[in-house]
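Participant: Given next are the chains, with one letter for each unit.
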Amino acid sequence: MGAQFLFGGVGVVLFVLGLWSFLVHAPLLRKVIALNIMGSGVFHVLIAVAYRGDTAPPDPVPHALVLTGIVVAVSATALALTFGGRLMDMDKDGTDDA
Amino acid sequence: MTPESAFDSAALDNLLAAPLVLAIMLPLLGSALTTALPRLAPLLGTLIAVGTAGAAIWTTVAVWTRGPIHLVLGGWDPSLAIALRADGMAAALVLMANLVGLAISVYALGYFRAPDRAQSFWPLWLLLWAALNGLFLAGDLFNLYVMLELLGLAAAALGALTGSRDAITANLRYLLVGLVASLTYLFGVALLYTAYGTLDIGLLSSAIAADEPSPLDAAALTLMVAGLAMKSALFPLHFWLPPAHASAPAPVSAALSALVVKAAFYLILRLWLDLFEPILDLSASMLLGLLGAGAVLWGSWQALRAERLKLLAAYSTVAQIGYLFLFFPLLAATPPGPSRDNLLAALLLMALTHGFAKAGFFMAAGLVQTNAGHDRIDDLGGTAQRLPATTFAIALAGSALIGLPPSGSFIGKWLLMQGAIETGQWWWVVVGTLGTLLSAAYIFRVLSRAFGLEPTPIKFVTDARAEVPALMLSLVSVAVLGLASGPLWTLLGLNASGGGA
Numbered sequence: 001m002g003a004q005f006l007f008g009g010v011g012v013v014l015f016v017l018g019l020w021s022f023l024v025h026a027p028l029l030r031k032v033i034a035l036n037i038m039g040s041g042v043f044h045v046l047i048a049v050a051y052r053g054d055t056a057p058p059d060p061v062p063h064a065l066v067l068t069g070i071v072v073a074v075s076a077t078a079l080a081l082t083f084g085g086r087l088m089d090m091d092k093d094g095t096d097d098a
Numbered sequence: 099m100t101p102e103s104a105f106d107s108a109a110l111d112n113l114l115a116a117p118l119v120l121a122i123m124l125p126l127l128g129s130a131l132t133t134a135l136p137r138l139a140p141l142l143g144t145l146i147a148v149g150t151a152g153a154a155i156w157t158t159v160a161v162w163t164r165g166p167i168h169l170v171l172g173g174w175d176p177s178l179a180i181a182l183r184a185d186g187m188a189a190a191l192v193l194m195a196n197l198v199g200l201a202i203s204v205y206a207l208g209y210f211r212a213p214d215r216a217q218s219f220w221p222l223w224l225l226l227w228a229a230l231n232g233l234f235l236a237g238d239l240f241n242l243y244v245m246l247e248l249l250g251l252a253a254a255a256l257g258a259l260t261g262s263r264d265a266i267t268a269n270l271r272y273l274l275v276g277l278v279a280s281l282t283y284l285f286g287v288a289l290l291y292t293a294y295g296t297l298d299i300g301l302l303s304s305a306i307a308a309d310e311p312s313p314l315d316a317a318a319l320t321l322m323v324a325g326l327a328m329k330s331a332l333f334p335l336h337f338w339l340p341p342a343h344a345s346a347p348a349p350v351s352a353a354l355s356a357l358v359v360k361a362a363f364y365l366i367l368r369l370w371l372d373l374f375e376p377i378l379d380l381s382a383s384m385l386l387g388l389l390g391a392g393a394v395l396w397g398s399w400q401a402l403r404a405e406r407l408k409l410l411a412a413y414s415t416v417a418q419i420g421y422l423f424l425f426f427p428l429l430a431a432t433p434p435g436p437s438r439d440n441l442l443a444a445l446l447l448m449a450l451t452h453g454f455a456k457a458g459f460f461m462a463a464g465l466v467q468t469n470a471g472h473d474r475i476d477d478l479g480g481t482a483q484r485l486p487a488t489t490f491a492i493a494l495a496g497s498a499l500i501g502l503p504p505s506g507s508f509i510g511k512w513l514l515m516q517g518a519i520e521t522g523q524w525w526w527v528v529v530g531t532l533g534t535l536l537s538a539a540y541i542f543r544v545l546s547r548a549f550g551l552e553p554t555p556i557k558f559v560t561d562a563r564a565e566v567p568a569l570m571l572s573l574v575s576v577a578v579l580g581l582a583s584g585p586l587w588t589l590l591g592l593n594a595s596g597g598g599a
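Order-wise, the sequence lines are chains P and X.
For the first sequence, counting from 1, position 94 maps to 94 in this note's numbering; every step adds exactly one.
Converting from the second sequence to this note's numbering requires adding 98 to each position, the first position being numbered 1.
Hints in this document: simulated from the structure, not taken from any laboratory.
Every residue, glycine too, gets a C-beta built ideally from N, C-alpha and C.
Among the hints, erroneous ones may be present.
To be verified - A few chain X residues facing chain P, derived, Cβ under 7 Å:
1) Leu270
2) Leu284
3) Ala288
For reference, chain X alone in the conformation it holds in the complex (with noise of 0.2 Å):
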């Protein structure tokens, strides 16, 4: 009996690893062949697309019912290898970005019609996802250097697709900074493998947790965390965002700000939580708070400014980011324990809920954009009327970004605050607040535009291939997310009522 269960457990480890490998690896596949062959691009993509999406579901579903995956690539000892992981928090946000990346890959097939920008999107398209997914599951600090670079170069490319001075201008400026962010943090992982000789994640945790904190690691955490701030647009290092995701064409917009800028704040947490937690004080995560605290009120003060639709979408943004960077005082402040499973819960769900939202928002925002010509906001009159379901969708996402109930970021947001009254922290709950009513302006300035007094519209949906996406991103934001969390407390191994993990 003992050699066919070692055989079955070998086979269902395999079976285990498959997805994860295959998140990967398809994506980049498909790069290559989307760039040898054309003509096919957005067939392709769209098969790609789905079998990338696919694989990432079955990664969640792995995790979800045997726990959390690490995986050494080649066989090769830890210390060497290229080690994958997935844990809950990486399987929520695989499995976030890769249902965005599904719906962002249909609209834009109804967004480049042209056969030549089609060409150029998909194989960038799909370097930018594979970057993502490697992103979530590398398990150890020099593959995340790899793929950090490969997303900001594909993102930069991408971004820069319209070809205008505009774009590429703010384009070459996201590529430097991103260039001197991701040099920064390279530096950082330098001077981790001088103190510990490792770059597998797990064993510098135990390492670090093992020594004296040393002066090399609040240097080495430093640098990494300076850098990834950078990429994660965190106020006052925001200024690349607003210009560069404006200036992208809308599908491009609604990956960088639901998911690249997701990927860089997804790193500082796990380097924050899962390295350096021993040799952090309470002020180094309340200076991350009050930077977190300027981009909250930054961002929404430039968003209800803005005189266009999807500038406003970036700089809000800037600010859903500063609302995550709430989260790592009250972490810091709050003992191991329900309360702090039920932070951390809320953080992500918050992020989830604006990856969604963000998503569907720049969607709609470009199909206005083509509807109308233009996106000046003081101008968007009737578009209720013409564009019904873009409309919708916009309003849904919006109370999302709100955080009006039922929406994920409602649940989030109210954790946020508790979290901030029982920890005595109680000038984040003034922050917050202003925040939302600052984003509750800003949405509702934009609705107040866009309903005219026209008269009633005849069809819900005028194109459904461009406007289903952007709708049922939104939806999931606002209803699924909402009224459904439940699920992320069990994927994050918590239980909801309370509980360690």
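Same shape as in the complex, but just chain P (with noise of 0.2 Å):
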């Protein structure tokens, strides 16, 4: 019980991090690994919650859930930063606009 409050306890304090690290920081690259954190955060919450103590096996669905959310992530990011990538060229590029 305890391991599984440590560990949902930890899930909610990185969120709040996450969060609060996306609010205040301009750079692409941080508010992406912010996100990425915050995302973290809701992943340890999910796998307290499928703790089911040491002899039963672990509730397999917020497991799923883990899995697909960081697939999301991955992609999320994926498309974020190629947007920043495209940003960064124009500034190489364009003078016009810099």
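Could you use the hints to bring the two separately framed chains together as a complex?
Facilitator: Rendered as structure tokens:
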């Protein structure tokens, strides 16, 4: 029970820290990392929920959710970085905008 | 006789289930196909669009004739399986979204004439469409999360299709805000799963109703609604919407403003009515209503001050979403019965009208922009002579946005004001009236510029494939939804003259 609370509690703290970092930091890379930390926080909570004691097998549903969530997070990160890359290329090439 | 009738009923169930699955799977398949065969993208895309719209109409007919459909995919236990469901509210929105989607598809054929643009448009657009149908038809909270993310990713990629710096910056911001929003929503889902051990909306609803209200419920509600409010651009979380919607290509702006924002709003409504009704008190609904009032006033004011036509349309979306939130305190204060049913139908009618009208408006604005080379409102003189059908579409859609009779939003606003007076919450009447006046001002500002003193046009329609879809959508928002809104009450399972569901 203690481990479960520790895990879930850390998840909540990670979510809040990620949100705070997302809000206060301007650079795209920091925002993307902050988003991933927020996501990890939610995944921690879900994994803590799945725990059903040392003898019983864990609940598979939250695990499936975490796996799906990771796939979504990876795709979202990729898209955000692609946008960021495009903007950086524009900064390098086009002097008209900069 | 018994085995035979059992077989019949199973066959009938399959027949009813088919359109729900098709409405999601067809566009998903189409997205893969158009990616694999880019040269055929416009042709394949159009075929898939027609098929998907057909599946959506089939879904609505099935709900109309047989009542709500609940479907558990793969024969799994309901607590594990992916569940789809369609009731009157979902069916009405699916029908609207797919008819608008079909019109956008036809319009896009004319709009993206360059092959490379069309090749990147179709896969993303069909993906967006699949996510929309998935959202409206999903029966469990996690599926909703996946569809919400799919919708956000596809929408941001579509919005940045022009590749200009403004478009990429605006849509990067939209993407990041959307991600924070969906993670916040997911956190709420995790809390609900902690408390109740299921994600199925039906099972959760009875579990929450049976339980004492707990702080965990309240936290989950707050997180989920906050996340979705960000996605539906509820004031003051609307800041990302105007630049993103105004910088997208016209067919995409139409989809974003008319459908994507509406999907997030639909989820809030569903959570509010289906899940959290037992634990809510009036103050939570009042808060949503107040934010909605802020959106109505601020959005309309900014639309009035906008210098560009598409920015005006985007701010008008902020305001129109605000109207939908005004219904929450009224619904909370009205006891179940005919007047509450009327409010709910009015809310839906306004959402549907806005869907058709705003899509038509954005598509017409896109034509004005391509024709004139710009969309500065002050320099639109003579548009009525060059593009009479398009100007007519803007005027029709505009009158639906204002809420002039006989548009659907006239009836919606009428019932809204009536509800406000009946429940003694007169201040919403003031907000509604001010918002209506402001919207009349911004629509007539466009129309007064568009009509010049040049001679009368020779041809009404100049480019049928591009102009007719916009005109049709605007016409639906004014004539069909206003003059023939009765069936909506039937579809929702309500009696137009009164009586509960």
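Participant: State for each hint whether it applies.
Facilitator: A quick look at each hint next to the structure:
| no. | hint | verdict |
| --- | --- | --- |
| 1 | Leu270 | holds (4 Å) |
| 2 | Leu284 | holds (5 Å) |
| 3 | Ala288 | holds (5 Å) |
Checked against the numbered hints above, the structure violates none of them.
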